[in-house]
Amino acid sequence: MTRAGAITLFTGSPAIIDAMLMRLSTTVCVLAIFSKPSAYANMEYDGNISYGFSDNISNAVSDRDIFEDSFIAANVNIGKLWVPAVGRSLLLSGHLGTENFNDSTGLDRYSYGASLAYIHKLELGAYTPRLSATLRADYRDFDTDMRDGMLYRSSLGLEKRFTPELHAAITLTREKRTADANKPVPYAPYISGNVFNQDNTELAASIDYTLPNQSLLTARYLYRDGEIDASTNPGSAFFGFSRAIAKDYGLCKSCGNYVVYLTRASVQSLMLDWNFVLGRDTSVSASYERRVADANGGVTYTGNVFRVQLNRRF
Amino acid sequence: MKLSISAVVLLLASNIALAGDLHVHFSDSKGNLVPDAVIEIISPRIPVPADWDYMGLMDQVDKEFIDNVVLVVAGSYVNFPNSDDIQHHVYSFSDTKSFELPLYSGDEADPVLFDMPGIAVVGCNIHDWMLGYIYVGSSHLMNKSSDDGIAVLTGLAAGDYTFQVWHERARRRDQFTTFDVTIPATGTATVALTLELGRDRRIRRAPAGSGSSYH
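Sequences listed follow chains S and L, in order. In this text, residue positions in the first sequence follow the working numbering: the first is 4, and each later residue adds one. In this text, residue positions in the second sequence follow the working numbering: the first is 177, and each later residue adds one.
Do not rely on the hints blindly, as some may be mistaken.
As the list claims (entries may be wrong) - The calculated lysine-lysine pairs, modelled on DSSO-like cross-linking and capped at a C-alpha distance of 27 angstroms, are:
#1 K239(L) to K83(S)
#2 K124(S) to K206(L)
#3 K124(S) to K163(S)
#4 K186(S) to K124(S)
#5 K163(S) to K206(L)
#6 K124(S) to K239(L)
#7 K83(S) to K273(L)
If you're looking for bench data, these hints aren't it; they were derived computationally from the structure. Remember, it's a predicted structure, so these values are computed and weren't measured experimentally.
Construct the entire structure; sequences and hints are all you get.
Have a look at this one:
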């Protein structure tokens, strides 16, 4: 694998920008780990490890194109929280993550990145609404190099706790995924292979409720408008609605010569999560997510993801 | 009030004691022992001793208030040291005492004066799950039940007393309910009380599962 995020948004060498981001995220992590908590900042550490199953990792439509797989994922977040004034805080975080599929090799990835979040509590206390603005950038390195690239996310959030048990949040996110346009091999010479440069806007609303046994139920609805990539066997009728098509090497060992294409879609997702306390700062959760993507040409993609996740705050 | 006195007075002979003791045994409706239930003698009014230490302490350890319930006499100062290696931001909105100790570490925060009897609910503006109670009594004759569910007052002069009971999870209308008891000249008056407690409605501390993201 090589690491070559092409950032077409910026002038200058993608390699330099990529290196800068890597240096930034590494610096954040190192500083966060080794710096002594100052008089003005608190350290925040958390992580999770999960085992899951997806019944449509190719994000395909036809039965013959759909295949399922299980995966293991892990994430570590290390942050430093500054509170310069009452109700105003700044959280600078470094993020490391990995996701590995059981059968598929092409989607295995690791990622590293950094985020900066400004959180504003309108008043003092646990029940006051909070506004947040977050910028996040991650470099993701996949088994298939053509998927490598940056993921930028900027989001605005509003959350409020209504009672000790009830909490709700709503988040608006703009997302830009960039990849090296030269790496995908176009399906045909006259077709763009630039599948992994994508723009999306998503709106998510979630509600949490703590049951008397301290388990936490979460329901999240997400609407996402923008672009998705999907993999299929060559010659698909869906190509007519595609903006770019490339050969998808390595998506799956036994899948044959897949191709991946880019199409506009609106995605709806409903996620239900049931979280159980294992300790003061440890929990385990089981979640189910149903995704339905309505794409150009009246094509509908569906997927279901089951996940068991161990969460730990340090 | 739904509190019930299931046993009243048990006299234990003693030739030496000059005063009696009060033991109040707390249990909930399921028979579980109830810690942190407060008893305070409200009648007769007994002057606070001249050498009384009008100081209280509520520490912060591992992002929790220690103790969860702190008892002080009105007019006392309470220190809120921070024994964690991170900062806390302690506050209370309570009518009994509204205050704020913006982000601090160690012993940086000035003590807070609690000059009015009542309950001050204390929280941390950074860690929402942190919750503590300052019980401000008008009398120094007060105590709280320990893990064995027993609250003890010793050295009470013989006579008739009225005490009030408070627990954080007792229903609002049950808070500060009063009971009469007769303290013997020697020995112990034992009272057993059953509290009807609501569920523990603290904000959950354990991390939530983020579930899966789109990617």
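Going down the list of hints, with the structure as the test:
1. At most 27 angstroms may separate the alpha-carbon atoms for a hinted pair to count; K239(L) and K83(S) meet this at roughly 16 angstroms.
2. Distance restraint check for K124(S) and K206(L): the Cα-Cα separation of roughly 40 angstroms exceeds the 27 angstroms cut-off, and the hinted pair is therefore not satisfied.
3. Among the hinted pairs, K124(S) with K163(S) is consistent with the structure: their alpha-carbon atoms are about 10 angstroms apart, no more than 27 angstroms.
4. The suggested pairing of K186(S) with K124(S) is violated, with an alpha-carbon distance near 45 angstroms, which exceeds 27 angstroms.
5. Between the alpha carbons of K163(S) and K206(L) the distance comes to roughly 34 angstroms, so the proposed pair goes past 27 angstroms and is violated.
6. Proposed proximity of K124(S) and K239(L) is supported: the alpha carbons are some 20 angstroms apart, at most 27 angstroms.
7. Taken as a hint, the K83(S) and K273(L) pair is broken in the structure, with Cα atoms around 32 angstroms apart against an allowance of 27 angstroms.
Checked against the numbered hints listed earlier, the structure breaks hints 2, 4, 5 and 7; every other hint is satisfied.
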